[in-house]
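Residue numbers (our numbering), protein chains in the order written: chain A, 1 to 96; chain B, 1 to 492; chain C, 1 to 515.
Since the hints were made in silico from the structure, they are not lab data.
Treat the hints loosely; a few may be bogus.
With a straight-line Cα cutoff of 30 Å, these simulated DSSO-like cross-link-like pairs (lysine-lysine) come out [said to hold, decoys possible]:
(1) A:Lys82 - B:Lys83
(2) B:Lys182 - A:Lys36
(3) B:Lys122 - B:Lys136
(4) B:Lys182 - B:Lys247
(5) B:Lys83 - B:Lys357
(6) B:Lys121 - B:Lys470
(7) B:Lys79 - B:Lys182
(8) B:Lys470 - B:Lys430
(9) C:Lys85 - B:Lys136
(10) A:Lys82 - C:Lys85
(11) B:Lys136 - A:Lys82
(12) B:Lys471 - B:Lys458
(13) A:Lys36 - C:Lys506
(14) B:Lys226 - B:Lys121
(15) A:Lys82 - C:Lys439
(16) C:Lys506 - C:Lys112
(17) B:Lys430 - B:Lys464
(18) B:Lys121 - B:Lys136
(19) B:Lys261 - B:Lys357
(20) A:Lys36 - C:Lys85
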Amino acid sequence: MALSRHDVEHVSLLARLRLSEDELETMTAQLADIVKYIEQLDQLDTTDVEPMAHAVEFSNVLVDDVPQDSLPREAALMNAPKRDDECYRVPAVLGD
Amino acid sequence: MTTTPEYTIVIGLETHVQLLTETKLFCRCSNRFGQPPNTQTCPVCIGMPGSLPVMNRKAFQLALKTATALNCHIPEFTKWDRKNYYYPDLPKGYQISQFDLPMSQQGWLEISDPRGEFATKKVRIIRAHLEEDAGKSMHDEAAGRSDSRIDLNRTGTPLLEIVTEPDLRSPEETRRYLDELKLLLAYLKVSDCNMQEGSLRVDANINLHLPAADGGTIATPIVEVKNMNSFRAVERALAYEAQRQFKVWQETGHKLGDVPKQTRGWDEQEQLTRPQRSKEESSDYRYLPDPDLVPIEVTAEQVQTVRDSLGELPAAIRDRLQSTYGISPYDSDVIVNQGRDVVNYYVALAECCSDGKLASNWVQQSVLRTLNEQGVSIDQFGVSAQSLGELLQAVQSGDVDNTRARDVFVEMLDSGVTAEAAMAGLGIEKVDAAAETELARELLADHPNVVSDVQGGKQQAIGKLIGEAKKRNPNINPGQFRQLCIDLIAEM
Amino acid sequence: MALTELTATELLAELRQGSATAVDVTSAYLDRIQRFDARLGAFLRVNRDDALAQAESVDRRRSAGQSIGPLGGLPVAIKDVLCTKDEPTTCGSRMLQDFRPPYDATVVARLKQADAVLIGKTNLDEFAMGSTTENSALGTTRNPWDTDCVPGGSSGGAACCVAADLAPLSIGTDTGGSIRQPAAFCGVLGLKPTYGRVSRYGLVAFASSLDQIGPLARNAADAALLLEVIAGHDERDSTSANVPISNYATTVREPLAGLRLGVVQDHLVEGVDQDVATAVRAAIDVYRSLGATLVDVSLPHARYGIATYYIIAPCEASSNLARYDGVHYGYRTDEQAMQAELQAERKAQATDDDAVLDQLDSPLVRMYRQTRAEGFGLEAKRRIMLGTFALSQGYYDAYYLKALKVRRLIRSDYDQAFANVDLIIGPVTPTPAYKIGDKVNDPLAMYLGDLFTVSANLAGIAALSVPCGFTANGLPAGLHLQAPPLHEDKLLRAAHMFQQATDWHKQRPELDESE
Numbered sequence: 001m002a003l004s005r006h007d008v009e010h011v012s013l014l015a016r017l018r019l020s021e022d023e024l025e026t027m028t029a030q031l032a033d034i035v036k037y038i039e040q041l042d043q044l045d046t047t048d049v050e051p052m053a054h055a056v057e058f059s060n061v062l063v064d065d066v067p068q069d070s071l072p073r074e075a076a077l078m079n080a081p082k083r084d085d086e087c088y089r090v091p092a093v094l095g096d
Numbered sequence: 001m002t003t004t005p006e007y008t009i010v011i012g013l014e015t016h017v018q019l020l021t022e023t024k025l026f027c028r029c030s031n032r033f034g035q036p037p038n039t040q041t042c043p044v045c046i047g048m049p050g051s052l053p054v055m056n057r058k059a060f061q062l063a064l065k066t067a068t069a070l071n072c073h074i075p076e077f078t079k080w081d082r083k084n085y086y087y088p089d090l091p092k093g094y095q096i097s098q099f100d101l102p103m104s105q106q107g108w109l110e111i112s113d114p115r116g117e118f119a120t121k122k123v124r125i126i127r128a129h130l131e132e133d134a135g136k137s138m139h140d141e142a143a144g145r146s147d148s149r150i151d152l153n154r155t156g157t158p159l160l161e162i163v164t165e166p167d168l169r170s171p172e173e174t175r176r177y178l179d180e181l182k183l184l185l186a187y188l189k190v191s192d193c194n195m196q197e198g199s200l201r202v203d204a205n206i207n208l209h210l211p212a213a214d215g216g217t218i219a220t221p222i223v224e225v226k227n228m229n230s231f232r233a234v235e236r237a238l239a240y241e242a243q244r245q246f247k248v249w250q251e252t253g254h255k256l257g258d259v260p261k262q263t264r265g266w267d268e269q270e271q272l273t274r275p276q277r278s279k280e281e282s283s284d285y286r287y288l289p290d291p292d293l294v295p296i297e298v299t300a301e302q303v304q305t306v307r308d309s310l311g312e313l314p315a316a317i318r319d320r321l322q323s324t325y326g327i328s329p330y331d332s333d334v335i336v337n338q339g340r341d342v343v344n345y346y347v348a349l350a351e352c353c354s355d356g357k358l359a360s361n362w363v364q365q366s367v368l369r370t371l372n373e374q375g376v377s378i379d380q381f382g383v384s385a386q387s388l389g390e391l392l393q394a395v396q397s398g399d400v401d402n403t404r405a406r407d408v409f410v411e412m413l414d415s416g417v418t419a420e421a422a423m424a425g426l427g428i429e430k431v432d433a434a435a436e437t438e439l440a441r442e443l444l445a446d447h448p449n450v451v452s453d454v455q456g457g458k459q460q461a462i463g464k465l466i467g468e469a470k471k472r473n474p475n476i477n478p479g480q481f482r483q484l485c486i487d488l489i490a491e492m
Numbered sequence: 001m002a003l004t005e006l007t008a009t010e011l012l013a014e015l016r017q018g019s020a021t022a023v024d025v026t027s028a029y030l031d032r033i034q035r036f037d038a039r040l041g042a043f044l045r046v047n048r049d050d051a052l053a054q055a056e057s058v059d060r061r062r063s064a065g066q067s068i069g070p071l072g073g074l075p076v077a078i079k080d081v082l083c084t085k086d087e088p089t090t091c092g093s094r095m096l097q098d099f100r101p102p103y104d105a106t107v108v109a110r111l112k113q114a115d116a117v118l119i120g121k122t123n124l125d126e127f128a129m130g131s132t133t134e135n136s137a138l139g140t141t142r143n144p145w146d147t148d149c150v151p152g153g154s155s156g157g158a159a160c161c162v163a164a165d166l167a168p169l170s171i172g173t174d175t176g177g178s179i180r181q182p183a184a185f186c187g188v189l190g191l192k193p194t195y196g197r198v199s200r201y202g203l204v205a206f207a208s209s210l211d212q213i214g215p216l217a218r219n220a221a222d223a224a225l226l227l228e229v230i231a232g233h234d235e236r237d238s239t240s241a242n243v244p245i246s247n248y249a250t251t252v253r254e255p256l257a258g259l260r261l262g263v264v265q266d267h268l269v270e271g272v273d274q275d276v277a278t279a280v281r282a283a284i285d286v287y288r289s290l291g292a293t294l295v296d297v298s299l300p301h302a303r304y305g306i307a308t309y310y311i312i313a314p315c316e317a318s319s320n321l322a323r324y325d326g327v328h329y330g331y332r333t334d335e336q337a338m339q340a341e342l343q344a345e346r347k348a349q350a351t352d353d354d355a356v357l358d359q360l361d362s363p364l365v366r367m368y369r370q371t372r373a374e375g376f377g378l379e380a381k382r383r384i385m386l387g388t389f390a391l392s393q394g395y396y397d398a399y400y401l402k403a404l405k406v407r408r409l410i411r412s413d414y415d416q417a418f419a420n421v422d423l424i425i426g427p428v429t430p431t432p433a434y435k436i437g438d439k440v441n442d443p444l445a446m447y448l449g450d451l452f453t454v455s456a457n458l459a460g461i462a463a464l465s466v467p468c469g470f471t472a473n474g475l476p477a478g479l480h481l482q483a484p485p486l487h488e489d490k491l492l493r494a495a496h497m498f499q500q501a502t503d504w505h506k507q508r509p510e511l512d513e514s515e
């Protein structure tokens with residue numbers, strides 16, 4: 001399937017990326033190439049093949065419900081780009 | 001309000017229930033409600049670079065318990081998926097949830113109306129799955145530009161999402177479903193279902209079915225209703241929505257599929273719903289299996305063990321109380337709603353006095369009222385079932401009448417003494433039969449007009465005599481005395 | 001002999017005997033860093049004072065007769081994608097340039113516990129995405145053998161610093177070849193452990209089901225030392241294998257008798273640089289002379305490895321990198337400028353119609369988009385876009401799900417091959433290091449260089465690169481050894497055997513002192 005510029009614009013919104021005109025053009029071409037390359041997987045018949053989402057094949061890793069110390073607030077907020085005494089701050093979320 | 005002949009209301013519910021664990025779902029931060037902002041977080045729930053989730057065993061067990069109690073099928077294999085979207089209270093940019101292989105599916109919860117206004121039905125549950133909660137964002141106006149403030153304390157709290165088929169047909173049924181679900185979860189000790197604290201959240205999907213000219217059914221567009229903060233709000237919002245949708249139908253004739261699904265928020269102040277924004281691309285969650293978590297395998301034996309450990313559940317208890325002790329659905333409902341401990345109290349009481357109805361009256365009117373007034377629970381209650389049972393036995397044998405028995409009860413409560421001691425303390429004793437008969441004859445002789453009234457058919461005239469008798473001897477049992485008078489008059 | 005010409009194993013002996021102090025050793029390396037790293041750019045950050053303090057502490061405790069950890073006094077450089085508490089962990093990106101994690105990665109904690117001297121953080125392709133370290137936003141790293149060439153990537157800094165003797169040991173990460181390829185380009189040994197062997201807690205995630213942390217060193221014994229310290233189950237990583245580790249450092253010297261090596265004949269022919277192919281064939285001959293048997297094996301689905309990898313990795317990356325949104329940590333765009341720009345856009349619409357204005361980004365969405373546009377480099381954006389696309393509605397089955405199925409086929413190939421051989425042998429890369437700037441504008445061409453390495457990540461098996469020669473231009477060639485899951489010990493022993501019989505790993509580049 002050919003990747004159109006419109007597709008790329010839509011994906012850029014989904015990915016929360018703002019691309020310049022140039023980037024959109026270059027990106028569209030490059031992504032189209034890559035997508036074309038990866039489509040060679042269509043050559044393989046994978047009916048009845050189980051997908052392998054993990055490289056490990058074990059299950060049931062669970063731990064006890066025992067509390068451990070949380071970070072002190074200052075340590076938690078220390079890397080925040082914008083904050084007040086207690087909270088992270090962002091431009092208003094719609095519907096708040 | 002039930003369905004009018006013009007349309008059928010169709011409702012499906014999605015509830016999110018916070019589980020009663022000590023810690024969060026994927027990290028060991030404490031889970032307590034109401035802590036100062038951002039004091040209950042760690043690199044994992046903040047989603048800091050490099051952090052990894054590890055699943056809380058107890059959360060899974062509680063989820064399994066609930067799903068089993070909801071009669072769900074528990075598949076042998078379940079996995080965790082990332083639901084990707086951007087929101088400031090979702091620090092990883094994705095929520096760890098379950099998509100195509102949830103931990104339980106296809107269960108049901110039976111609802112019945114003790115008042116009989118709707119027929120008992122099984123509300124089918126499509127699925128119940130485990131996922132993590134997001135944080136909180138709070139609006140803040142400062143220096144002329146609006147900001148949102150983000151508190152991540154709640155991020156990572158374990159949630160059980162329970163989704164029903166659109167089987168509910170009225171706001172009342174919906175209310176009942178929620179009451180029943182909450183009761184079940186309380187009995188299982190899985191959640192405290194406190195909507196004010198956010199440990200239970202409800203979203204509803206509602207539309208109308210209308211008869212088509214050709215005899216078929218027309219469905220109107222589905223509306224998702226959010227922001228209902230109490231069970232009552234849910235009832236009101238759905239009632240409002242149904243009416244609003246009918247008006248819209250009459251005006252526009254829009255059918256399901258004609259317009260995109262709408263989301264509306266309930267405004268408690270104005271008592272109406274308003275459209276909420278939702279950009280269409282926000283529903284492309286790009287699910288993928290979470291590579292940081294391994295699947296969970298549950299054996300049939302494990303499921304059976306869980307099922308065996310559930311204990312008697314509310315619906316079964318109500319049935320048992322009704323059939324074993326002969327009380328009404330309404331009464332059994334009241335008792336069961338109070339929790340297992342009150343049920344146990346009731347049963348002990350009923351066994352003691354061998355009269356389910358009598359026990360039920362006393363539990364509802366005296367015991368529960370006292371618990372309420374004193375703000376205590378049944379295990380702190382000052383009169384044991386055995387003790388109260390003794391009082392009821394005294395009532396049954398006529399040693400004390402029902403009215404005076406209430407005084408005895410108060411005395412027992414205040415002084416912590418037995419029924420016998422309380423009665424003695426209040427000077428209550430069985431009235432001597434001969435003395436009572438003599439008193440009756442005396443009063444009848446003094447009041448010939450009463451006699452003639454009764455002979456003429458007005459039995460209520462005896463009331464005056466009962467009053468008199470009680471003045472002379474407070475231990476007179478009104479019912480007994482009344483019958484005695486009637487018998488004596490009949491002999492005259 | 002200068003301290004920095006010794007192997008890590010030899011240094012440990014000197015330290016234990018007391019012929020050198022940890023401060024001596026650390027100072028020697030700091031000195032070389034001072035002299036050569038301005039030109040080479042291996043390090044993003046050198047912890048000069050801190051490292052000397054750590055070294056002093058080791059010396060003090062050793063003289064007091066206290067027990068010292070197994071790496072006591074050895075400098076170790078760490079790829080800047082692993083969290084080091086309260087110190088910058090940049091991932092080579094503007095996005096995390098000032099980020100200081102409040103915690104140590106498990107691997108870092110284990111190194112500290114082993115009394116390693118954490119000498120600094122090395123340069124990398126941004127968020128470990130790339131094959132040349134050219135995608136770093138924070139510096140350029142050069143190949144010590146030819147400073148006009150790339151050192152490889154994404155662990156370019158980690159490989160460079162060992163090759164140039166700026167540290168005896170380093171820690172890198174490998175998602176599609178990012179330890180092995182730079183090791184090959186720089187003429188050092190690099191090991192990618194079995195997936196789950198080393199805890200990923202504190203490793204800033206690129207592709208979670210593929211990422212692994214591993215050692216780079218001059219030789220197998222040194223790598224074994226490091227592996228033994230960092231490997232092992234960690235409760236904080238659900239994908240961490242709960243199995244015992246071997247005494248790699250002890251067993252590494254035991255040769256493998258009756259070693260059966262599998263060769264994929266195609267891999268020595270198809271598009272492989274002549275000199276590289278020659279060096280690899282010569283290496284195979286060395287193994288023959290050591291008594292190994294060569295067996296032809298086939299990995300029929302290996303040719304689909306790149307396509308499979310370049311779906312799975314970007315998909316996982318697009319999800320892993322979603323958290324870099326300017327809200328809780330990391331870079332955020334200039335809000336004032338952003339709001340001003342938005343206002344201007346709204347005015348330019350010249351309408352009050354909400355329907356039109358609603359099409360514009362809200363301030364929050366614009367903040368996200370602008371932050372990520374400015375914080376990420378081109379390759380990171382490319383992979384995020386690719387991954388987001390492949391996971392988006394309608395494409396999941398055709399791309400991501402399909403890739404997961406092919407992945408299983410690739411794994412089955414290995415399972416079948418390993419039924420007949422102990423290890424698989426071949427080239428690490430189709431070419432030696434190329435010039436800086438050569439492939440920067442041709443992403444697909446760059447991806448194709450991962451041809452031989454990605455399958456090991458997809459299958460989750462262990463693999464390493466050991467130096468096996470030089471091209472006519474004096475650039476190193478690397479030999480690839482792949483092992484069944486959990487058989488790192490075999491890899492190390494086989495590499496050690498080879499290094500006893502050759503001295504490629506003892507060659508050192510000639511370096512120019514920086515101004």
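Structure-based check of all given hints:
1. A:Lys82 - B:Lys83: Roughly 26 Å between the alpha carbons, so the hint for Lys82 of chain A and Lys83 of chain B holds.
2. B:Lys182 - A:Lys36: violated (53 Å)
3. B:Lys122 - B:Lys136: This hinted pair is violated, its Cα atoms lying about 35 Å apart.
4. B:Lys182 - B:Lys247: violated (33 Å)
5. B:Lys83 - B:Lys357: Roughly 53 Å separates the two Cα atoms, so the pair is violated.
6. B:Lys121 - B:Lys470: violated (52 Å)
7. B:Lys79 - B:Lys182: Between Lys79 of chain B and Lys182 of chain B the Cα gap is close to 27 Å, so the pair holds against 30 Å.
8. B:Lys470 - B:Lys430: holds (13 Å)
9. C:Lys85 - B:Lys136: With Cα atoms ~28 Å apart, Lys85 of chain C and Lys136 of chain B stay inside 30 Å; holds.
10. A:Lys82 - C:Lys85: holds (21 Å)
11. B:Lys136 - A:Lys82: holds (16 Å)
12. B:Lys471 - B:Lys458: OK: Lys471 of chain B and Lys458 of chain B at ~23 Å, within 30 Å.
13. A:Lys36 - C:Lys506: violated (44 Å)
14. B:Lys226 - B:Lys121: Holds, at roughly 25 Å.
15. A:Lys82 - C:Lys439: Distance of about 38 Å is beyond 30 Å: violated.
16. C:Lys506 - C:Lys112: holds (28 Å)
17. B:Lys430 - B:Lys464: Status holds; Cα separation ~21 Å.
18. B:Lys121 - B:Lys136: violated (37 Å)
19. B:Lys261 - B:Lys357: violated (51 Å)
20. A:Lys36 - C:Lys85: violated (43 Å)
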